[in-house]
Amino acid sequence: VNSSSVFTVRYFRTTAVHRDDVVTVNTPAFAESVTEGDVRWEKAVGDTVAEDEVVCEIETDKTSVQVPAPAAGVIEALLVPDGGKVEGGTPLFKLRKTGAAPAKAKPAAAPPPPPPAAPEPVAAAAPPPAAAPIPTTMPPVPPVSTQPIDSKPVSAVKPAAAPAAAPPGEAVPTKGARSEHRVKMNRMRQRIAQRLKEAQNTCAMLTTFNEIDMSNIREMRTVHKDTFLKKHNLKLGFMSAFVKAAAFALQDQPVVNAVIDDTTKEIVYRDYVDISVAVATPRGLVVPVVRNVENMNFADIERAIYELGEKARKNELAIEDMDGGTFTISNGGVFGSLFGTPIINPPQSAILGMHAIFDRPVAVGGKIEVRPMMYVALTYDHRLIDGREAVTFLRKIKAAVEDPRVLLLDL
Amino acid sequence: MVLQSLKNCLWLSCILRTPKASFRSTASGGLIIQSVSNDVYQNLAVEDWIHDHMDLEKQQILFLWRNSPAVVIGRHQNPWQECNLRLLRQKNIKLARRRSGGGTVYHDLGNINLTFFTTRKKYQRMENLKLVVKALKALRPQLDVHVTDRYDILLDKEYKISGTAAKLGRTSAYHHCTLLCNADKFVLSSVLKSPYKGLKSNATPSVPALVKNLFEEDPSLTSEMLLDAIAKEYAAQHQIDHHVTLINPADETLLPGISNKTEELQTWEWVYGKTPKFSISTCLNMAYKDSVLDVKVNMDVKHGKIEVCNIDLPEQWLPPGLYGELVKSLTGSKFCPNETTTLVTTLLRVCPQDDELHSRWSLLCENMIMLM
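Protein chains in written order, with the numbering used here: chain A, 72 to 482; chain B, 529 to 900.
It should be emphasised that the hints constitute simulated quantities derived from the structure, not laboratory data.
For glycine and all other residues, C-beta sits at the position ideal for the given N, C-alpha and C.
One should not assume that every hint holds.
Unchecked claim - Across the chosen pairs, the derived CB separations fall in these ranges: (1) B:Pro848 with A:Lys301: 52 to 58 Å; (2) B:Thr810 with A:Lys246: 53 to 59 Å; (3) A:Phe410 with B:Asp818: 50 to 56 Å; (4) B:Glu780 with A:Gly160: 38 to 44 Å; (5) A:Phe410 with B:Glu835: 41 to 47 Å.
Whole structure, please, built from the sequences with the hints as guidance.
In structure tokens, the structure reads:
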């Protein structure tokens, strides 16, 4: 009725083999007249363990019992397969004792911590490798800085801040230490790296820049945001202005919306505009698509972006949400980027990079004024798009964002 | 019953810092604490913390807690085998893996959880459950409740109202159990039904049972009343005051190190990665154009990651290079729908712009993702 028959693991009989320093550890006796249990291994053959570190757990009758190492050493053999049944006294494993115990941060009680390869799922958390090839812009969040709605994806974006910063070697210091540690690139990162290189190798990539005076858009927002919120139950951001401006410009310059089919050597012109909005997630870059933007107004666009943002946040983006796209917009502004060259997202021909808005003195009507300015960059495939077309395209975006009436009047 | 606020339990910290020394405390033999949080990870972390840090020689502890909707699987279980993960994600129900053994349960605020902390020597599940039954009978003498030798509590000899699990450490132990007061049985039965076919695993299986809420037997009962009755009985048996001390699992000063424990319980590596190795052998029935394709899929999943992946597609259904890429990408990646979606969309962008190809690819990948 009482478990006075339970022995604490350390003091029960460890069997025979004391030759060298190899010790065989047996299954502890079970409590409450339970007769058998299942073994679940935490450690494998060859693992070094500290004294009291959990080597395996035995599950008996809804109870989990940990079996710690009686001394520091190396696991020499596991005598029962994982999930195998044991009874009290069944030999479990062989431990070759060593003198020293490896320094283990964690106390014995809980199962041992996952190995330091934790960076796996978080693509950008490993500063060394792929940070270098990706210039600033890849990791941005779709809708612009100020939006709380979109602040959810931003929090997911946090690890991606790495690219802006460090050149590789600087990463892991302790003063004066000169060790390095290697982390295997995860599958996602390898794939993305490969694709980026392919894109660079196929397209003749060039970037043209311009700057946008955000005063009017800001003012429009200030004046109308409350009514907008009331009617559409959505926050009015800057993204809709850029997405709409891009769609407008794409219809004006259809070649930017087209793409070269390398297999057939044809130029494919599309009469619909699907805009991919780049979002960084801990798992890597995803680019959900807003479809048929040519038919949408600002409210429709804000709604579409919001819905995609929600899906991204809840990790519910489906394949069809991310397939396709004729043009990409990426926003490095969230991280405070001033200026930068985005990289084309194949199989497209161009990408617009938005950056942060900073107050700058500019010349307006012969006088110096301080205006909120944003640098924008268009990287394009020069095999398809000529310089003149690219510059005109970007200027159209600039015109439409600086004065939305341009859209209204189709200028 | 008197609820003491945190401020008054300074003596709780006394016990922590002077583990084996004598401590002057008003109580002896037992302590009753209740969590102010409904977060399953925080509450599980409190259990860990007490198990690791508190000396239970001189006094045992009863911990009372409730969670907002969550599915809790046992230490060595397979979540794919035990519950409907898609439904959980849809309904925003959390998934947690506890450190004790046993089967899968559904928690919501209509379910109360009791954890009995004792030294390993004084580990006594039957006594604990008898205490609960005694408390229930004291509250409502007409209730037909009894403890089975599987450590379940049955109502009317038929319906399970409580399940048990336990963990034995080196010097301390805990036994925890649930108690169904007024939980949502509809959600419970739908989330605890796994839709995943073809799973082969040696993970600990759950034993399904017919359940009933105490509320159905007696609508005047509430979770609060049950908690109170059990605390009262515990106090009586341990000869202590009927005081319940409130505990905030987010309080790092009271429970140093608790936030690390809470975090660890939420990591993918713990919740999914600790699943014992399993395999999937199933057939995708994909409706494509006018026909139905039967595609055999075999996968081995270890530590929650795909170790081996075989998809038996008709020849040339997908360009072989692409098929190879898919399998190569899946191997080694998490058995997780989000991760897989991101992976396959990235791959998709290197394919030629061919509608037929894209729709085949999407079809195949959507079906694969449904397995996760």
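So, going through the hints one by one against the coordinates:
1. B:Pro848 with A:Lys301: 52 to 58 Å: holds (56 Å)
2. B:Thr810 with A:Lys246: 53 to 59 Å: holds (55 Å)
3. A:Phe410 with B:Asp818: 50 to 56 Å: Between phenylalanine 410 (chain A) and aspartate 818 (chain B), where Cβ atoms are some 54 Å apart, the hint holds.
4. B:Glu780 with A:Gly160: 38 to 44 Å: holds (43 Å)
5. A:Phe410 with B:Glu835: 41 to 47 Å: At 45 Å between Cβs, range holds.
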